[in-house]
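**Student:** Okay, here's what each chain looks like letter by letter:
2 protein chains.
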Amino acid sequence: MVITIGREFGSGGRELGRLLAETLGIEYYDKEIIAEIAKNTELSEQYVKQVVEKNPHELFPITVAHTFSYIDTQEIQQKQMIFMEQEKVIKKMAETSDCVIVGRCADYILQDFKPFRIFVYADMDSKVERCLARSENPDELPRKKLIKQIKSIDKNRARYYNYYTGKTWGDMLNYDICINTTNVNISDLVPHIAKMVKG
Amino acid sequence: MVITIGREFGSGGRELGRLLAETLGIEYYDKEIIAEIAKNTELSEQYVKQVVEKNPHELFPITVAHTFSYIDTQEIQQKQMIFMEQEKVIKKMAETSDCVIVGRCADYILQDFKPFRIFVYADMDSKVERCLARSENPDELPRKKLIKQIKSIDKNRARYYNYYTGKTWGDMLNYDICINTTNVNISDLVPHIAKMVKG
Numbered sequence: 003m004v005i006t007i008g009r010e011f012g013s014g015g016r017e018l019g020r021l022l023a024e025t026l027g028i029e030y031y032d033k034e035i036i037a038e039i040a041k042n043t044e045l046s047e048q049y050v051k052q053v054v055e056k057n058p059h060e061l062f063p064i065t066v067a068h069t070f071s072y073i074d075t076q077e078i079q080q081k082q083m084i085f086m087e088q089e090k091v092i093k094k095m096a097e098t099s100d101c102v103i104v105g106r107c108a109d110y111i112l113q114d115f116k117p118f119r120i121f122v123y124a125d126m127d128s129k130v131e132r133c134l135a136r137s138e139n140p141d142e143l144p145r146k147k148l149i150k151q152i153k154s155i156d157k158n159r160a161r162y163y164n165y166y167t168g169k170t171w172g173d174m175l176n177y178d179i180c181i182n183t184t185n186v187n188i189s190d191l192v193p194h195i196a197k198m199v200k201g
Numbered sequence: 003m004v005i006t007i008g009r010e011f012g013s014g015g016r017e018l019g020r021l022l023a024e025t026l027g028i029e030y031y032d033k034e035i036i037a038e039i040a041k042n043t044e045l046s047e048q049y050v051k052q053v054v055e056k057n058p059h060e061l062f063p064i065t066v067a068h069t070f071s072y073i074d075t076q077e078i079q080q081k082q083m084i085f086m087e088q089e090k091v092i093k094k095m096a097e098t099s100d101c102v103i104v105g106r107c108a109d110y111i112l113q114d115f116k117p118f119r120i121f122v123y124a125d126m127d128s129k130v131e132r133c134l135a136r137s138e139n140p141d142e143l144p145r146k147k148l149i150k151q152i153k154s155i156d157k158n159r160a161r162y163y164n165y166y167t168g169k170t171w172g173d174m175l176n177y178d179i180c181i182n183t184t185n186v187n188i189s190d191l192v193p194h195i196a197k198m199v200k201g
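Which chain is which? The protein sequence lines are G and A, in order. Just so you know, we're using my numbering here: the first sequence kicks off at 3 and counts up by one. Just so you know, we're using my numbering here: the second sequence kicks off at 3 and counts up by one.
Derived by calculation from the structure, the hints in this document are not laboratory data. There's no promise every hint is true.
If several chains are the same, the list does not tell them apart, and a pair holds so long as it fits within one copy or across any two.
To be verified - Computed list of lysine-lysine pairs in BS3-like fashion (alpha-carbon distance at most 25 angstroms, straight line): (1) 116 / 93; (2) 157 / 169; (3) 93 / 200; (4) 150 / 200; (5) 169 / 153; (6) 81 / 150.
Next up, chain G with everything else stripped away, as it sits in the complex (with noise of 0.2 angstroms):
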C-alpha cells in the first residue's frame, strides 16, 4: 500500500500525510527523503535540501546558446547526480514498506507500484490561516505579504512537477481523490480517507 500526497502550501497536506500514516500504521516518508538522498550521495542534508527544492529548468539546461565552463558543468551533474538518488531513494522506500509519501512528484515516480494518489487544497483565507496557526511569531507575518509567499512557493512546486512529469500539477486526472480542506478538521476526516484507501 502506497499513499502519495500532492498539496498546496498551508492546505495542511502533511498534517493528512501523517495522520494518515499513523492511522493505517505504515511509514510516513517526508525529510527522511533528504536524509537518505545525504546519507548516500555523502553531501550534507541542507546542500541536497536546497537542491531538490530548487526550480528543476536550471539543473537540466535544454538551451545550447549558453555557455557552460567547466565548473558549471560539474555543478550541474552533480544536482542531476542528486535528482537521480531522489528517484532510487523514493522507489526503495515504497518498496520496502507501506507508506505515504508528501510531495517529490511521487504520485509519478512510483506510478508502477499504483499509488492511492491524493491531493490536499483549500482556499486562500483557510491558507493563511493554517500557516499563521502553526507560525511562531503570527505577528510578524503581514498577511499580504504571507499570501504572496504561499502563492510563490505553489508556483514552484507547479513548475518543477510539471518539468519533472510532463503532466498538470493540482489537474485532478493526476489523483484519485482531491480534498478540500477548507473549514476542516483534518483528523476528522482521516479515518474516512484510511478506510477509503484500504477498499
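For this one, chain G is given, so just place chain A on it according to the hints.
**Tutor:** Same frame as chain G, but now just chain A:
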C-alpha cells in the same frame, strides 16, 4: 443534510448519487425536479426539460443590438420563468427533506444550506466505457462520435454552470471533494463517502 453532485458526463456521478442517497436513507432528486417544475407551471415535462438543459445565453440575452419581436419576448419570459421555478423547486426540496441532488447548479442554488459538494470525474477512456456499458446498442456508437458527444455535453454543462453561478464548473474550490471514478467500482466507494458526509 444536503449533498450536491456535479459530474462529468459518463463519470458515473448519477449512479454515485443514487447509491449515496440509498446508503444514507435520504431522498434522491434528479428527474423529479423536471416533473415538479412541469406540474407547477402547467407545461409539459418535455418542454421544461428542453428549456432547462438549453444554453442559458439564449434565455437571458444581454445584447441590445438584436431586436426582439413580441412573440420572442413572450417566449423568453416563459423560459426565464421556468428557470426561476427550478430554483424554487430545488430550494423547497432541500427544505423539506435531507437529499442528494445531481447537477442543476444545486451547489450554488443551495449554498445557504451548506451542502456537502461532490464533483465526480474520470478519464476519457473510462467515460467511454461507462457510456457503452449502459447503452442498449453499444455497437451503433462509434467511439469517435461518442467522445465528441461527451465533450459537447460537458462543454454545455460548463457553460450553463459558469453563466448561472459566475464560477467555474469543475474548479476544485467549488467542491468539498472531487472523486476520480477511473477504474473504480462506484458501489465500493459509496459507504466511505457516506461516512465522510455524516462526519
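**Student:** Taking the hints in turn, state whether each one holds.
**Tutor:** Structure-based check of each hint:
{"no.": "1", "hint": "116 / 93", "verdict": "within (12 angstroms within a copy, 42 angstroms between copies)"}
{"no.": "2", "hint": "157 / 169", "verdict": "both (14 angstroms within a copy, 22 angstroms between copies)"}
{"no.": "3", "hint": "93 / 200", "verdict": "within (21 angstroms within a copy, 37 angstroms between copies)"}
{"no.": "4", "hint": "150 / 200", "verdict": "neither (38 angstroms within a copy, 36 angstroms between copies)"}
{"no.": "5", "hint": "169 / 153", "verdict": "both (20 angstroms within a copy, 21 angstroms between copies)"}
{"no.": "6", "hint": "81 / 150", "verdict": "neither (28 angstroms within a copy, 45 angstroms between copies)"}
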